[in-house]
Every structure is written in structure tokens, then in C-alpha cells.
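Input sequences plus hints: build the corresponding full structure.
The numbering used here puts the first residue of the sequence shown at 1, with every later residue one more than the last.
Incorrect hints may appear among the rest.
To be verified - Cross-link-like lysine-lysine pairs, in silico, DSS-like; alpha carbons within 25 angstroms at most:
1. K210 / K133
2. K275 / K212
3. K205 / K133
It is worth saying that the hints were derived from the structure and are not from the lab.
Computed from a predicted structure; not experimentally measured.
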Amino acid sequence: MAALPRLPTLVIACPGSFLHRRSFAFTEVDYSIRRRKARSSAVTCSASRGPSSSEISSTAKIRSEVLSPFRTVRMFFYIAFIASGSLGGFIALSQLVGALANPSRAAEVTDILKDLAIDVARLSREEFLSNLKLRVDERRIVPLSAFRGIARLVILAGPASFIQDSFKLSEPFSDSLLERGILVVPFVTDGGSPQFEFEEKEETKDVDSKRKRLWQLAPVYAAEWSEWLDEQKKLAKVSPESPVYLSLRMDGRVRGSGVGYPPWNAFVAQLPPVKGIWTGLLDGMDGRVL
Numbered sequence: 001m002a003a004l005p006r007l008p009t010l011v012i013a014c015p016g017s018f019l020h021r022r023s024f025a026f027t028e029v030d031y032s033i034r035r036r037k038a039r040s041s042a043v044t045c046s047a048s049r050g051p052s053s054s055e056i057s058s059t060a061k062i063r064s065e066v067l068s069p070f071r072t073v074r075m076f077f078y079i080a081f082i083a084s085g086s087l088g089g090f091i092a093l094s095q096l097v098g099a100l101a102n103p104s105r106a107a108e109v110t111d112i113l114k115d116l117a118i119d120v121a122r123l124s125r126e127e128f129l130s131n132l133k134l135r136v137d138e139r140r141i142v143p144l145s146a147f148r149g150i151a152r153l154v155i156l157a158g159p160a161s162f163i164q165d166s167f168k169l170s171e172p173f174s175d176s177l178l179e180r181g182i183l184v185v186p187f188v189t190d191g192g193s194p195q196f197e198f199e200e201k202e203e204t205k206d207v208d209s210k211r212k213r214l215w216q217l218a219p220v221y222a223a224e225w226s227e228w229l230d231e232q233k234k235l236a237k238v239s240p241e242s243p244v245y246l247s248l249r250m251d252g253r254v255r256g257s258g259v260g261y262p263p264w265n266a267f268v269a270q271l272p273p274v275k276g277i278w279t280g281l282l283d284g285m286d287g288r289v290l
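So, in C-alpha cells, the structure goes:
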């Protein structure tokens, strides 16, 4: 730990170090940025002569900025995007009050109420989605919102055969999908168990590792997932039995959806890689919200 005081110098001398931060974020699904306090306490308990909690916290902050120096700015934009829905509702509410107070605007009340209901419903759906739980590994279960600013999630919902076919169809695009920060969330609706086959050969070790990372997430609390998906299908006038996909933006909101297999090639063509000099600042600017 003697080298810790030199870390700030590293940040100043190497401003381009963030060019490689994303490869770490996806290989380890790193939550140290969001769970610094939990990690700090774990280190304190396991080391008899370790640094103080304040030193660890400071080190974690420095480390997070080295890995993702634009994260604070980026999260400001995400919060602003989410707040825009609340602002729309507030404006609609203000218009409603004005219309009710002015008899000459009585005809506008119906339209204002419709807009207000749409804004409230959208916020409710987004909040419900952000609280759905995902299993990262055997020890970690996190809300979907934990991936905000980290990954573009693609949710698949359908029978086991649909999930398995989607897995096979994604194989040629594995590298490109990971480069774009995509992680797949497969939700099986028929109680089946799709078989994700990996060759487990030395020559395919790297490929298998990437495929496992791409498909590492698993939904938990199936009833809550089913409730949210059923509502999405109802709004889109899709039959409850239809297999569907939903792609999320980096800010966690729905970017696109459809019936059938996800267009892996279209994701690669439309979404920018999460590496590059402008990535940290412009992440999430990847399509309108549905």
C-alpha cells in the first residue's frame, strides 16, 4: 500500500488511461464503483494491519476515476434523462391546474389528463424495470439499475428453445457485442432449461470465455419479471405467448423491442463500441426512449 500516495500523479500524467477501463468493467462486471463501502469494510475485516477505512475509501475513489474519469459527468446526464419524465409530468400537472382554473380552457383538460397519465405510467414502468433483480454469480444478486452506465442489456423472454436458438445465433457476433457493452438477460417462460454449450477446448478458450461473459446474467424472482414483461406485451399488443426481446440503453431505459429473435447484427451496426476517446462522455446517447 506504500505506493498509494503516487496514484493521483498517475491520473494527471496519464489522462488517456481511461481508454481501457471498459474491458475491465465487462470482464469482471465490476461493481466497486457502486459498492465501494461494502468492499472497504470487507478489506478492513480481513487485514489485521491494513489501512484505515478512510484511506481505503479514498483509494477506491481514485481508482474509480482512473477506470472511468467521465463517470460523474455521464451519470449526471442519465439522471437528467430520467428527470425529464418527471419534468414532463410536472408541466402537465401545471397545465391541468391552469385549465381547471380557466373555464375557457376546459376543452384542454382531457388531453392534458392523457399526457399526464402517459408520463406517470412511463415513470412507473421505468422504476419497476430498474428494480428487477439479476444474478451475476453464485454470491451476487443486484438490481438492474446497477448496470446503468456500465452495460447495454438485451432482455430475451420466451421458451427454452427460443433462448437456446438466440444463444447460437449470437455466436458470430460475440466479440462485437461485448465491445458495445451488451450483456444478455435470458428469461425462460416455459419452465425449461436451455443448454448453453461450450467446446471447452484450449484453442477456443478465449471465445468460450467471451460467450460466458455475454450470457452470464440470470433473472431472479421470476414473478416480478413476468409481471413487467406481460405489461410490456400488453402495451405493444403482442400475444402473451410470443417470444420477445427488449434492448436497453446505457441509461437503463428501453431503446428497442420486437417479436422473435434479437437482431444481433443490427445491434453491432447501430451501437458504438464502448472504447474510445469520446466514450466516457457520450455513453448512453444511443437511441430514443420507447
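Hint check:
The straight-line distance between the Cα atoms of K210 and K133 is roughly 23 angstroms, inside the 25 angstroms bound, and the hint therefore holds. At roughly 21 angstroms between alpha-carbon atoms, K275 and K212 fall within 25 angstroms of each other, so this suggested pair holds. Between K205 and K133 the CA atoms are separated by roughly 30 angstroms; this puts the pair beyond 25 angstroms, and the hint is violated.
Hint check: a violation occurs at hint 3 only; the rest are consistent with the structure.
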